[in-house]
Amino acid sequence: MNALLTAEGLHKAYGPTFALAGADLQLYAGEILSVMGPSGSGKSTLLHCAAGLTTPDQGRVAYLGRVLSELDDVRRSALRRREFGFVFQFGQLVPELTALENVALPLRLDGVRRKPAEQRAAALLERLHLSDKAKARPGELSGGQQQRVAVARALVTEPKVIFADEPTGALDSVSGEQVMDLLTGAARRSGAAVVLVTHDARIAAYADRGIVVRDGRTPARAGIR
Amino acid sequence: MRQLLTEIGLGMRLAFTGGRRGWSRTLMSAVGVALGTTVLLLGASVPSMLADRGARLDSRSVFNPQQQELPPGDTVLVAEIDSAWQDVDLLGVLLWPESPAAPLPPGIPAFPGDGEMYVSPALAGALAGPGAEVLRGQLPYRAVGTITAAGLAGPQEYAYYAGRADLTERVGVHASRLARFGDIPEAEPADTSTYLILAVLITTLLLPVAIFLGAALRFGADARDRRLAAIRLAGADSRVTRRIAVAESLVPAIAGLILGSGLFLLARSVAGQISLFEISVFPADVRPVPLFAALTVLIVLALAAVMTLHGLRGVTIEPLGVFRRSLVWRGRLWWRLILPVLGLALVSPVFLSSGRVSQEIVMLGMILLILGVVPLVPYLIPLVARISPGGPVSWQLASRQLRQNPLASTRAVTGIVVGVAGVVALNSVFAAINVRPDVRDHPADPDASIIGTTDATPAAMARLNTTFQTIAGVRATTDAEYMILDPTTGWGIGNVYVGDCAALDVIADMDGCADGDTFTVGTPPKKLPLENDETINLPKKPRPAVLTGSFAQNIGTAVLLTPAATPAALSRVTPGFVTTRLRLDGVTATETGGNIRGVAAGIDPFLMVTVFVPEGDKFAVFRTALNLGATVILLLIGLGLLLDVADRLHDRRRLIGALAAIGASRTTIIVSSAAQAVVPVVAGLFLAVGTGAIVGTVLMRMDDIPISFSPGPLLTPVAGGLALIIGCTVAVLLPAARRLTSTEQLRQE
Amino acid sequence: MTIATAFLALLESRPRHGYDLKQAYDQHFGHDRPLHYGQVYTTLAKLLRNGLVTVDGDETSGGPDRKRYTVTEAGVTDVQRWLEEPETPQQYLQSNLYAKVIGALLTGRSAAAVLDAQRDEHLTAMRELTRRKGQGDLADRLICDHALFHLDADLRWLEHTAVHLDELAEQVRG
Ligand SMILES: Nc1ncnc2c1ncn2[C@@H]1O[C@H](COP(=O)(O)OP(=O)(O)OP(=O)(O)O)[C@@H](O)[C@H]1O
Ligand SMILES: [Mg+2]
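The listed protein sequences derive, respectively, from chains A, B and C.
Here the first sequence stands for residues 69 to 293, numbered as in our numbering.
Here the second sequence stands for residues 266 to 1014, numbered as in our numbering.
Here the third sequence stands for residues -15 to 158, numbered as in our numbering.
In isolation and in its complexed conformation, chain A is listed as follows (with noise of 0.2 Å):
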């Protein structure tokens, strides 16, 4: 089986500290990968490097075969739109524009008419148990209730990668439970595969499979010798 999304040899420096000194990453369709590691190892700034956010000094990303540092702006923004989705431990929802509408906002931009934009986004907030939050604003939002309107956000344009970083990061392990339940379950059922950045276990323990990330690098594990 091939890869959907292949990192190969990522360096990256920022200044003198090195964020990034040799990773990899490989992600199959469909499936649920933790990424996991130290506090200041470079899990971050792998997962930005895997989607594109961020460019590396070194190494390739190459999503479907197309290597990300060569696409320019306008292609790798129509890659996050369609093919890609994020959710994080916080900000990337709009203040200004109610939940359905940030849900919309993917669709939208990429040329879906307000309704059927709108009635995909509601189907989803459904979906999430949001449909009585729908024309709250973020900031009239639980910090359990704006992680799942972001993850509604990542899944509705369908993508075939999900990249969460620290997705329930701010919440308690309840809440925490029904945002990762909510994710995978609705990402197993689309077939899209995820990229979780965590250093909880127990929620690196809703993947499939997981790699570890220290000092910048993904180790191959070591016998005992």
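Check the hints yourself; a few may be wrong.
A few chain A residues facing chain B, derived, Cβ under 7 Å [what the hints assert, rightly or not]:
#: 1; residue: ARG149
#: 2; residue: PHE154
#: 3; residue: GLN157
#: 4; residue: LEU173
#: 5; residue: PRO174
No lab work stands behind these hints: they were computed from the structure.
Note that the Cβ used here is the ideal one computed from N, Cα and C, for glycine as well.
Given the coordinates of chain A, assemble chains B and C with the ligands onto it according to the supplied hints.
Just chains B and C with the ligands now, kept in the frame of chain A:
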């Protein structure tokens, strides 16, 4: 295409959904745009105003170069009388038709009968207003109707058309015969320099508006940038993001256009009541030229877009967030000095050369000087902040912020500085004018003069004196002036003045005078060739005298004769001028100017009255306009400042909340924020006063006003600006501090 | 908790037949290991002998499936005592895992690899539990959660120890 509409719709949607802050941002920007639109639309109407006015002036023109040759027929006799009422020009047109088919001037329905007149609405108002009896002295006619717009230059023009049968006796002298009105256009065509000045004026007016607009559009920019980053994460590329941002700014732009058009209509409807530089316009004249109106719309939309894009300059909006390409603050001085140095160079001729200087260039220089303040302010602020690096925590916080980001701290302040500099300049000029309201060429000159009669007999001259002296406080002397000709070339080489001792005393300094004396200035020949082929002998034993006042400069040689010394032959010579010179004693021209003109008109409507001192406070209207304008501009800028302070507090509310949480007292936070607002202003105001003083000096030099500065007018605008800042800062800070210092702010929004 | 205490708790809710008891036990307490019938009879016999349960009426003749058991006063007291007494927290200080780490360090093998292998093992177990949790009812979920939290705690210990391995190695060898 639909995609573009979606983006625009999304952008506009965002303009409406920012909550209270979003709304106030949209509203403020709309007000700024509205003011700009009004100015631009008024500017766009200037060509039509000038054209309409010119067309009306042309159509009533009485100029006829062939007046002598024209035989009587279907013709009308006309004479124009240029007078004034309270320092405003008063145009009189005397008419007498020579046939029932005589041409009627525009604006009146029929010829006024003998002793009747049609008056302009403004003159009718003056005739009903205070001092009307005095004014009536100039207008010995009965008003039978009003002149309609077609016959007037503008609604505020003082004008009358009067019928006078005795014009028949004046043909060729004062009156001319006319077969048609408006034969020869007399309005001066507007030249390029008029439009140049207009362009500069509009630019100057637009500058504070643009600065305000910039402040208003940047209000909440940080929140906007974060929002755009979130949209970018959802899959918008950077061009789309920019388009959305521009679309967002279109909402205030469009609202402003609508509001501005409303303001324009309002301004237009009151236009008829306002007169500037003695020019007034009918509301109907204020029509924007369609091309320019379209340009206005384009300019406003473009301005909003450009301001938005300019605000996004140096900011990279990435899906992961907003990166300020920390515009490395290069406090380079040299390019900031270009404008002021250029400005100084352009105004320098005023100080260095004694010859004529080009008004346009000097004006450009002054504008450059005032504009040059803008880039200098950000340079000054880190300097000021560096004065004291130590100090309490509050100052440490403030000075760090000021040094790191002087641009952000100054964007609202530059407007105040420019405004204050301009007001300081003009105010000091007006103050200087107030010190010496006298605008005579020379202090020894009389206050007023009347010329126009040709009867030079001593009796007639004495009669003139007594007639004018019926006005309280007026001392009148009359002299007759004859030209001495060069026998070979026939050109004038000097003058003979005839008058009693009092009259001669007004124009010359003599060592005593009695009737029968003769005085000479320079060395006139023994025989004096005069006009009408007469020659008179210089009387015996002339004594030397010196001409005084502005005469002294013009005349080479002169002979002053008292009546008893006048040779009989002189009575056969036509005098060049018979001049009655008036001195005011204990009264002002404002009080008596009208009486003098009235008395003169009573003697002969064609007497020419010149008053050398102001008959009214010419600058009153300017001062009002300036004060009004300054107030509006300062208010506008104050509003911008308010937004700015509020915005910066809002942006840093988490930081402030954290500071409060670790125990910073409310006073520390208030003092620190206040210092950040006040320091740039104080620095800027210093600059403003300096620039204002320079420009004021230039203006005084140009108008030949002795240069003087009094602290009042200089410091009042400064105090106003300062009060504004402190008021705004306090108004925002005090209530905000309570909210902000609660640790509530730490909550993620 | 013993099978006997569980039976007493079940009988306190209502009297039951032996078969009934086994079913209820398997449902609430058994999970991985259902009871053998033999265990049921011996436990019930012991409870009868100690006077903690009684058998109803004259049905003493037939097999245990046909008999109805009721809890006695003494039995209820027993249940009460069980619930009142807190469990002693388990101390894992000398757990096998720690022993392995020390062993690796003592023998100069890679303790990090030991930890990594254990991480993988734990994570695999956690994934399995998470999967099962998604399919079961609330009781299953809570049971799984209990295990998950424990495994999570182990994992944290693993991560924490990994950071201090060098320090620990020096102490062990030094
Ligand atoms: N924009 C940035 N500028 C400078 N340094 C950065 C930036 N982003 C990340 N780094 C650095 O790169 C390293 C890796 O950061 P990264 O955010 O990828 O870690 P992480 O594994 O996601 O940590 P955490 O679990 O705390 O989120 C860190 O040392 C961090 O300081
Ligand atoms: Mg991270």
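Status of the hints after comparison with the structure:
Of the supplied interface hints, the one on ARG149(A) holds, with its beta-carbon coming within about 3 Å of a beta-carbon of chain B, less than 7 Å. For PHE154(A), the interface hint holds, since its Cβ comes within 7 Å of a Cβ in chain B; the closest pair sits about 6 Å apart. Hint on GLN157(A) is violated. Least Cβ distance to chain B is approximately 10 Å, over the 7 Å limit. Interface hint status for LEU173(A): upheld, as the beta-carbon distance to the closest one in chain B is roughly 5 Å, under 7 Å.
The interface hint given for PRO174(A) holds, since its Cβ lies 5 Å from the closest Cβ of chain B, which is under the 7 Å cut-off.
When the structure is compared with the earlier hints, a violation turns up for hint 3 alone.
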